[in-house]
Amino acid sequence: MIDPLPPRPDPGRQRWRHGRDRLATLLISAGGVGVVAAVLAIGVFLAVEVVPLFLESRHGIDWRGLWLPQSVEGHALPQHRWQPEPLAPGEPAHYGMAPLAWGTLKAACWALLFAVPLALGAAIHSALYMPRRLRARLKPTLELMEAMPGVVIGFVAGLVLAPYVERHLAGALALPVILPAGILLAGGLRTTLPARLRRRLAPGWAGIWLMPWLAALAALVLWGSPWLEEALFAGDLRGWLEATLGLDYAARNAMIVGIAMGFAVIPGIYALAEDALSGVPGSLGEGAQALGATRWQTLCRVVLPAASPGIFSAVMIGAGRAVGETMIVLMASGNTALMTLNPLEGLRSMSATIAIELPEAAAGGTHYRLLILAALALFAFTFLVNTLAELVRTRLRHRYRRLEGTA
Amino acid sequence: MSRMAGRVGRSEGPWPWLAAGSVALSLLLLLALLTLLAVRGLGHFWPAPLALVTLEDGQRLAGRAVHEESVPGGEARERLYFTGNRDLAGDIWTWVPVAEIASRAFPEELVVLERRRWGAFLGRLVALEGEAGRREGQAAWPALQARLAELEALRGERDRLREAVVTPLVRRLERGPDAAAEAELARANARIRELQADMAGDTLVLESVDGRRLTQPLEEVLRALRPNAMSPVDKLATWGREVWRFLSEGPRAANSAGGVWPAIFGTVLMVLLMSVVVTPFGVLAGIYLNEVAHQGRFTHLVRIAVRNLAGVPSIVYGVFGLGVFVYGIGGTLDEWFFAESLPSPTFGTGGLLWASLTLALLTLPVVIVATEEGLARVPDHQREGALALGATRVEMLTRVVLPMTAPAMLTGMILAVARAAGEVAPLMLVGVAKLAPQVPVDGDFPYLHLDRKFMHLGYHIYDLAFHGGDVQAAMPLVYATALLLVLVILVLNLTAIFLRHHLRARHGALPRH
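Protein chains in written order, with our numbering: chain G, 1 to 407; chain U, 1 to 513.
Read the hints as simulated data drawn from the structure, not as lab findings. Please read all numbers here as calculations on a predicted model, not as lab measurements. Note that beta-carbon positions come from the ideal geometry of N, C-alpha and C, so glycine has one too. It is possible that part of the hints are untrue.
Covered, in the sense of this in silico footprint (three residues per stretch, anywhere, with C-beta under 8 Å from a C-beta of chain G), are these stretches of chain U [what the hints assert, rightly or not]:
#: 1; segment: 166-175
#: 2; segment: 269-277
#: 3; segment: 313-325
#: 4; segment: 385-394
Chain G extracted, bound-state conformation (with noise of 0.2 Å):
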């Protein structure tokens, strides 16, 4: 029903159009500018608070002193120490900083520790053993538990995680040895059944049927904490790491943080870490099979050397998130500005710090830059390790392309 001839369109419809179009233009450019300029200001702002820290005398900071060990009235030594509040009138605040940084990459660390071999460990399996379909359900379910809110995660670990493991430490530190000893057993029990049971429980739903194995394993061990502890440390763990270790418990420790906070990047990394597996091209792995390897042989020389700047920055972002993560701390760790290799004692972090003491600090104060200088000491850490990560995958998909394009 087209018309041969359309009708020419009147010019001064025809210059309204373009003068709307050339306006709205304008606008979106204008909006999107201004709005791209005030997420980026972020950063600006941050720094412009910080300088005068430096540049004004009244605040008798100076960079060195932020870091190193100050002395403090009644100790020979010089002590890293955050004191921000002076304990008595008269007395001089400590700003030591060292303690905070220490904390907050401490708490990184054992959730990295905690999150990473779960998280690669999950992204392999889901690559390279699970059918499509129930990988196609594992990953929305997995952005759900990305989801949690930190202050949910935070309350669970350190109020009812925290006082649990401190009734159950001796079952809680033998898991992370019977876990992976019981997976084990059910990977060489599951070859002894018989043939039509064997093929109900395949290994590509392994993730699901190890599932209640697991939680009774778990179940048994964390039941029978107190036979443990009686059995091995004469019925008191915690004098014996004290005594023998030298180590102190709190209740509210790294330990705990460690896997809250590590709950909490599993998702995140896992997700990038499994792009770029199953982004890995398939003629690759294909090859290395003909040529006789197995499955895992195959993972390790090809399909993980190939993925691993992809894996790196899975790795790197999951650091970034545990780095900046303020709720779970805030509630899990206790808050004291220690600087121990124990993990089981508590710890302060950058994050938990401003939280806490922003609110009261005095606008323009000492304290109140210093708090603006540990928020941009993060701000600066995460953006420089989230832009390092994506140049990386950018760089990665590059190669992909190239490979597929060759293969």
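Following the hints, put chain U in place on chain G, whose structure we already have.
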């Protein structure tokens, strides 16, 4: 990769099993968390049986078993009972060594009274004394039930009067003298006094199981239950009522009892305001970056930067909000428009507006990225087709491209809302309050009070769990609040996932090039 899916050969060693185990473990952790929240959060409202415990030494107590644990350094176990009766016993918790329990019974006549002061009472009802005389024994319980229903109605009428009549009148009188309003106010106040008088007068005679008597004014009693005498259907009905109360009432007793209605309202309002701000700006920026801007190296860098801002810790946004919105813009607004009320700040302190703006900034990258992804998915030939038919760029965008991108934008908005609803850290800096029984919307001009502080579900959890007096008593409420928050966020995320899936399915059908 799934083409390789099949059987794990025996030669592959232990590693594939460990990889599978990590999937199982991650899922198990998630499942454990959700189950814990669901069981504890919903279980709190179930009317649990009241045990009458007799100890070896003859002592008796009535209570609800909470949990049991072994005494450090021994085989003995102790059980914690919630025994209430703060006014009689001084403490509402009792630890009982399990070995010392001689007998346990669940007599039907045990009552739980929820009171405005002193918390719960657990014990026996002896008599109800009032204008209608004294009723004892079997007759007391039905009489109490009937009277409580009456009281509930009277209380409802009083509260409605206060809210709908008295408050507006007082506001009118504040603006200037008004004889008609004064007369009306006097009438309303008289009616309220009448209602108060109707409510007062009755007293309950109560007896705790260890034999101590107590007279309790009935108007202080909110609810009475006999959990041991209830049928499962009754219990279910009570459970439903309690859940509804939790959702619809304000907190009582320093947040450790009552409901979370103001927190729900505050969260929803803040998130709504935020999405009103973030959606247009995010979509605008997304369109600019993808459709208008010159696609050069600079735009590429800006795009990476915006993407990375999604990974910047939320607390940093909070610091920005406090420094720029609250102290910077808010302080200036106060100097210009609210100078008469200085030094007490109006906008120069945390409030609803600043919290929504901060969260809008926080979620802006989410919306931008989602919009851009949606735009990138629209095949170029659609654009070219529109342009070839003589459409201007804006016509092409509004008639062809944006309708196809709408689900992506919606997904972005939902994800932004889900993220914002769960964020607490920045709110602690820019305007959340421990207790703000006045919701920021009321009948008073300008109706929506952007400068007010507000309550938030997430912060409520933090505050209850870490700043409350009796954590043990607050725990069930924390669980329930956490469950509510998680449910809201899960529903939002599932919607987003569903939308995205639907979107992929739809665009998968389109020819690519």
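If you count the residues of the segment 313-325 of chain U with a beta-carbon closer than 8 Å to a beta-carbon of chain G, do you get 3 or more?
The restraint on the segment 313-325 of chain U holds, since 11 of its residues have a Cβ under 8 Å from chain G and three suffice.
Under 8 Å between beta-carbons, do enough residues of the segment 269-277 of chain U, three at least, approach chain G for the coverage claim to hold?
violated (count 0)
8 Å C-beta test of the segment 166-175 of chain U against chain G, three or more residues:
The restraint on the segment 166-175 of chain U is violated, since only 0 of its residues have a Cβ under 8 Å from chain G and three are required.
Within 8 Å of chain G (C-beta), three or more residues of the segment 385-394 of chain U:
holds (count 4)
In summary, the structure is inconsistent with hints 1, 2 from the numbered list given earlier, while agreeing with the others.
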